[in-house]
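Colleague: Residues per chain, in single letters:
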Amino acid sequence: MSTPQEGTSVNDHQSTTLGELAKTVRSKNAGTDRITFDIIFADKATYDHVRRSRTLTRQTVCELFGVSDDRITDFVEFDPAFAIKFTLKRLAASGGPGESDVFGCQQYPPLLSVRVPFPAGAPQPA
Amino acid sequence: MKEQLRIVSPNGHLGFAPTKEESFRLAVETRPDYYCADSGSDDIGATALGADRSVSMERWQRHDLELMLLASREQDVPMIIGSAGDCGSNSRVDLFVRMITELAAEHQLAPFKIAYFYSEVETSALRDLHTAGVRIEGLDDRSALTLEDIDATTRAVAVAGVHPFIKALELGADVIIGGRSSDCAVFAAPAIFEGFPEDHAYYAGKVLECASFCAEPYGAKESVIATITNDDVKVTAMAPWQRCTVASVAGHAMYERSNPYFEYFAGGMLDMTDCVYEQYDERTTRITGQRYVPVEGPITVKIEGSGRVGEKYLGVAGIRDPYTIAHIDKVIELSEGQVADEFSDVDYHLSFTVYGKNGVMGDLEPVKEINSHELGIVVEGIAETPELAGAVTVYATRQLFYARLPEVKGTAGTAAFVTDEVLPATTSYRWTMNHIVPVEDPMSLFDLHVVDVEAHA
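Chains as they are written, first to last, in the numbering used here: chain A, 1 to 126; chain C, 1 to 457.
There's no promise every hint is true.
[To be verified] In the DSS-like style, the derived pairs of lysine-lysine whose C-alpha atoms are separated by at most 27 Å in a straight line are: (1) LYS28(A) with LYS20(C); (2) LYS89(A) with LYS28(A); (3) LYS113(C) with LYS2(C); (4) LYS28(A) with LYS368(C); (5) LYS23(A) with LYS20(C); (6) LYS89(A) with LYS167(C); (7) LYS2(C) with LYS167(C).
[Said to hold, decoys possible] Cβ pair distances, simulated, as ranges: (8) GLN4(C) with ASP48(A): 33 to 39 Å; (9) THR131(C) with ALA42(A): 52 to 58 Å; (10) THR24(A) with ASP52(C): 32 to 38 Å; (11) GLU77(A) with ALA110(C): 52 to 58 Å.
Note that these hints are calculated values from the structure, not bench results.
Cβ atoms here follow ideal geometry from the backbone N, Cα and C, with glycine treated the same way.
Next comes chain C alone, as it looks inside the complex:
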């Protein structure tokens, strides 16, 4: 067994913006044991998963995969990607596998083994579980999954833990492309596979998942390396101008998490309550005291689901009349009433975002009075067809134009338009599932394949 394992994380969201090459080259020179990156997020909203597409540009996905593939093949060490193509759907896994294959041909790489797994879960399978009486618990105060939630879901993915990654390594994979996965599993899996304690493996995953977000000064897309031993984890910034400090590493434990002490994933939880952070050298922080707590009872796997709401249009209106501004709530109420009358037989969603009042913070906005001399209003209309969505949105937006309160002096129009039309937006999706499903075998939700890649001239 190795005395230590060194894993490089070049990018906290592979493909979203290109990996910075200088710090990556410096990381490559140190000859790490694994090249690993997370490529996904639920932070981008439900649209990518629902519409089955990436939010990252293909040129950056290819750029980042090429950097990692060439380095890992040159040094003959594995490369692991989780949550391929942002949402980790099956088509995104296929996309990344295709890019890897094309890059291998382009660079005439020696033959290697690629493993990939799919994370999509058929809604019919969830329905069967539900019918069989399996309780699919909601996370973050959501109630248990209902048939209505399942019916409303366009596409669902299971969030993999370390299991499919470890299985792929056992099968001798040189490159692994994962469907939707826990960020930390991408890094924890090789460390567990190599025999290091799960405490340190999962902690390394937690600290590496966003790459240089655990370093300071702030700078994204720079490489960092975690060194895992039987006793500790050390994390080192590779960019010459960045350092992993006690403050930056501890601070990262909080990022995008409700609670800085606990990280949950399929198979258990990482408890960081007793973590001790020490400055090890100028650019390295050493972390001890982390604890892996295995789940009691069956393993539960998180399910993310996205459901189509409808087609969406946006309208934009500006208000300058002071009396109309002072009574903007009344104006919007009038518009809503007009739309309700006109489209009484249509299922639609209509919302008004009022910039200058509470457009950014909505109900959380503490400033209640309007202090602005003008307001910008974005009208969002969603309905089953583009025609209906457009009609609802244009009607609601024009009601702002026609909203003549008795005291308004201007009688030719109460809203200024950038353009007297409404603009089509991408189909609207919403998160329908943020749940956990109990499984006997954590591999049962993930469909693993291993194939040989041989470069052809």
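Pulled out of the complex, with its shape left as it was, chain A reads as follows:
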């Protein structure tokens, strides 16, 4: 392996990535005018840790995707599914002229490399 890629293991002593911690990271059209993103964790402890780390918030989403806050229509912490979910407005409705992702399903990868600190006292990789 050369340079770390999105989604590969890139643990250091202080932090890991969302791609390592999440069970599912996906994006998909929500209707014709929006794309919704789901980050789902396997257990409550991981979900709570990521929420408390504040590494995934409206503000960090804006910074990551280079959008202003008004592009985010919903930002939800969805306890029953141990999931963080947000939705972005599309600049143009799906499938029209200039479309590059008809289903909106390849917009999530930048989330994989978002850095999340390890919980205090947790075992850390050597």
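With chain A held as given, fit chain C onto it using these hints.
Modeller: Only chain C this time, still in chain A's reference frame:
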């Protein structure tokens, strides 16, 4: 009244890919009360609705309808399909009705009653409403419908709630083929018709609409069954290797929705804020706490509209020269300028998708620098006629070939072509309507028919 109602959903998008037969057979053995499936989506883009065609293969549509029809007729319980043939246009309803009739003849089925309804809305009717001062509100931050939106629309469908399905059941239908419909209405309608609470009826619809997408491990086109009582909904995976878990069922509430708590349809909204999920048995999750909130004031029905943009061609070019790659934005700007000069009297759309730079994510791409040693560019040209669309596209693509920046060493061509031609694509359509229209009578937009099907030798 029944103590419980069991509805099987064999496929989350009937016909798109074939229903898996093993889990369907297991579902059939449990003798469900209804066989229901959604067959449509707006996820496929506006082309199917605009061009009035399916995106599913006819052989799979027939396969899935045959499985459901034979089981439901054998057990003498109703079968319900919503959003026939992907886009739910009138011709797609006729197609499914024809297939059902042919299958009945082929299998010599005893006579039965088929109900079908059309969902298409004439743009002239929308124009009349607009002229009469009815405000047709936009969804998802779209502004209210304008005459320009109506003029730009080739075909529009209203998205049915439970109303035409319930009416068809009241008329004694054994098979119902619906035009465009809310996914959840296909399943909620029979539960409401049978007297179960709307809270649980709509929740069952929400959880069943994508069939096994609410189960884990992931596997599409497998059957699931919802059991609805006066007190709860239980959802069970039928594939032996799948389970409906708290995580998989709760997770599905988020899928393809902006918000996991609220589901809107003609007549109201399903509020899932207080849902409680419990593992009921190994393959079943029980859900309580869902609430149906009826709409205040007149019922509003969602309208989807698709409008033709023009004929479309695609060109493909590869770039390997490092200097050209580093200045690709300039190269594209030059090409756009050349096309603008050459076709100054033509109405056209031109776009460049640059793989290796931001071809997939466009404006959302956080990686700004180009790290690739080569770029792939798809040039899309759209204009009124195929000749013009082809000319715009070939001219724009060839400008990439002729884009000689002063520092480029190669002087024989700056783009590599797979083929020195451009390729015709399907006519381009765009979504022109994602709006809601207020109606006095929710049946007024849906044209319901009931006929007897008798198999002829």
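Colleague: Now tell me if each hint is right for this structure.
Modeller: Do the hints match the structure? See the list:
no.: 1; hint: LYS28(A) with LYS20(C); verdict: 24 Å, holds
no.: 2; hint: LYS89(A) with LYS28(A); verdict: 12 Å, holds
no.: 3; hint: LYS113(C) with LYS2(C); verdict: 23 Å, holds
no.: 4; hint: LYS28(A) with LYS368(C); verdict: 23 Å, holds
no.: 5; hint: LYS23(A) with LYS20(C); verdict: 26 Å, holds
no.: 6; hint: LYS89(A) with LYS167(C); verdict: 37 Å, violated
no.: 7; hint: LYS2(C) with LYS167(C); verdict: 20 Å, holds
no.: 8; hint: GLN4(C) with ASP48(A): 33 to 39 Å; verdict: 37 Å, holds
no.: 9; hint: THR131(C) with ALA42(A): 52 to 58 Å; verdict: 56 Å, holds
no.: 10; hint: THR24(A) with ASP52(C): 32 to 38 Å; verdict: 36 Å, holds
no.: 11; hint: GLU77(A) with ALA110(C): 52 to 58 Å; verdict: 54 Å, holds
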